[in-house]
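**Q** Turn these sequences into a full structure, and let the hints steer you where they fit.
Now for the letters of each chain:
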Amino acid sequence: MYVEYEGLWVAGGTWIFTFAYMYWVWEDSQRHKKRVWIWLLLLLLAGDPFSTLVGEARTLGDPFSTFVSNFYRYEYLPSRGIYPYLVPLFKYDASHFVEPIWVLDTIFFWNLALSLVDGTVTYAVMFWIYRDCRKVGERATPWICVMRFIQNPPFPIGYLIPLGGYTGQIFVLVAYILRKFGYI
Amino acid sequence: MGPVETGLMIYAAVTLYWSLLGTYMLVKTDVISVKAAPIIIGYSLFAWLTSRIMYINFPEIPPHPILILSRVVDSPQGILTTIYVYVRTKVIKIKWMPYIIGYSFFLAVSRITMYLLRDLPVPEILVLPTLLAGWAGYPVWFYVYTKANRVFTPKAAYALASYQVIVWAVSIIMLYQLGLPYSIISSVQMLMEYPSTIVTLILVDRYRLRNLGVYASDEL
Numbered sequence: 001m002y003v004e005y006e007g008l009w010v011a012g013g014t015w016i017f018t019f020a021y022m023y024w025v026w027e028d029s030q031r032h033k034k035r036v037w038i039w040l041l042l043l044l045l046a047g048d049p050f051s052t053l054v055g056e057a058r059t060l061g062d063p064f065s066t067f068v069s070n071f072y073r074y075e076y077l078p079s080r081g082i083y084p085y086l087v088p089l090f091k092y093d094a095s096h097f098v099e100p101i102w103v104l105d106t107i108f109f110w111n112l113a114l115s116l117v118d119g120t121v122t123y124a125v126m127f128w129i130y131r132d133c134r135k136v137g138e139r140a141t142p143w144i145c146v147m148r149f150i151q152n153p154p155f156p157i158g159y160l161i162p163l164g165g166y167t168g169q170i171f172v173l174v175a176y177i178l179r180k181f182g183y184i
Numbered sequence: 001m002g003p004v005e006t007g008l009m010i011y012a013a014v015t016l017y018w019s020l021l022g023t024y025m026l027v028k029t030d031v032i033s034v035k036a037a038p039i040i041i042g043y044s045l046f047a048w049l050t051s052r053i054m055y056i057n058f059p060e061i062p063p064h065p066i067l068i069l070s071r072v073v074d075s076p077q078g079i080l081t082t083i084y085v086y087v088r089t090k091v092i093k094i095k096w097m098p099y100i101i102g103y104s105f106f107l108a109v110s111r112i113t114m115y116l117l118r119d120l121p122v123p124e125i126l127v128l129p130t131l132l133a134g135w136a137g138y139p140v141w142f143y144v145y146t147k148a149n150r151v152f153t154p155k156a157a158y159a160l161a162s163y164q165v166i167v168w169a170v171s172i173i174m175l176y177q178l179g180l181p182y183s184i185i186s187s188v189q190m191l192m193e194y195p196s197t198i199v200t201l202i203l204v205d206r207y208r209l210r211n212l213g214v215y216a217s218d219e220l
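In order, the protein sequence lines correspond to chains A and B. Counted from 1, the first sequence has number 85 at position 85 by our numbering; the numbering is strictly sequential. Counted from 1, the second sequence has number 165 at position 165 by our numbering; the numbering is strictly sequential.
Worth flagging that the hints you see were computed from the coordinates, not collected in a lab.
Pairs of lysine-lysine residues, derived as BS3-like cross-links and limited to a Cα-Cα distance of at most 25 Å, are as follows: (1) 180(A) with 135(A); (2) 180(A) with 34(A); (3) 35(B) with 93(B); (4) 33(A) with 90(B); (5) 180(A) with 33(A); (6) 33(A) with 93(B); (7) 90(B) with 34(A); (8) 34(A) with 135(A); (9) 95(B) with 35(B); (10) 34(A) with 93(B); (11) 34(A) with 28(B); (12) 147(B) with 90(B); (13) 28(B) with 135(A); (14) 28(B) with 90(B); (15) 147(B) with 95(B); (16) 135(A) with 90(B); (17) 28(B) with 180(A); (18) 28(B) with 33(A).
For the chain A half of the interface with chain B, some residues (derived, Cβ under 7 Å), not all of them: (19) 11; (20) 35; (21) 63; (22) 67.
We put the beta carbon where it would ideally sit given N, CA and C, even for glycine.
**A** Structural data, given as C-alpha cells:
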C-alpha cells in the first residue's frame, strides 16, 4: 500500500547536517592552518547532492552510478519508447507484485527506521568527534571526511569496503577513542 | 486516513526530527545563533512541504513556473550556506549587499531564461537549464573569487572560464550533434567537472593558507 507511492516519500532536513559538517571542516582547517582540499575532494567524491559547498566547484560522485540512475529514471523512459506507469503519484503497479503488499510495506518502514538510526549514529558521532577535537585542540577534519566518505563511497569502492550505514561510523569511533587514549 | 495522508504525516515527523537534530548541532557548535534556529527549522520544513506539494500535483516533470519557484525555494541551501560558511570561517570576505543584489539579479535572469525555454522537449528541459543556471551563477562567483578576494588571478580565472566553455560546448554537441541520451550526457558532464572542481579547491585552499601566513609566496 505505502510502497506503491514510493516517489512521494522523501524526508527533508538532512541538508542541515551537510551545512554543519562543511562548516566544521572549514573552521577546523582554519584553526589548525592545514590544507583542506584533499579532504573536501573526498566529501565531493561521496556524491552528497548538497556538498556543492565549495563555490564554483560541483559535487562529483561517480559517473557509473550517475549513468545507471539516470538510465532508469522513469521520467525519461517514455522518451525511449517505454511507458512504465502513467497513473499520477503511483510509482509501482501493485498487481505486478509477487509478494504480499504488507511484506513490502513492512520492509519499507523497516528501512525507514534503520535510516533514522544510521543517520542519527553517523551525525552524532561526527558531532561528538568535532566537539571533542575542538576541546583538546586536535584536528577533526580527517575524521569527519572519512566518516562521510565511507558512508557513500563511489563505485566500486562501496563493494570492496562495505562499511555503509552506521557500521563504518562505529569503526571510526572506536579508532578515534583508541587514538585518543594512545593505543594507536 | 488513507495511505497518502498517513505516509505524509510519518515523513513530516521524520523531516521535523532531522531539522531539530541538525539545528541543535548547528547551535551547539556555534555555526548559527539560537535566534537563527527557528528560521533554519522553518525554512527546512517549508522547503520539504513545497517539494511534496509540487510532487503531489505534478508527479512527473512539473511545468516551468512551478519548477522555477521550487528552485528559488531551494537556492538558500546551496549558494547562501556556501557563502555563509566561507565568510563566517574567514576564508573569504565579501560585502553582503552587492553580493545579495548580484545573486538575486542573476538568479532571476537564469529563471526567466528557463521560463522562455519552456517549450523544449524532454532531454533539453533537463540539460539546458542546468547549463544556463551555471552560467548565470558565474558573474557572482567571479565577484566573490576575483573582485572581492584574490582567490583567482585573472590568468587562472580566464583558464577556468575557457575550460567551462569547452564543457558547455561538449554538452551541446552531445545533445544536438550526437543525440546522446541524458544518462550518457550526465555521466560525461560529471567526469568533466573533475578538473575544474579540483583546481578550484586547490586555489581556494592556497588563498586561505596564504592569508593565514602558511604560504609566503603570492604566486599561484
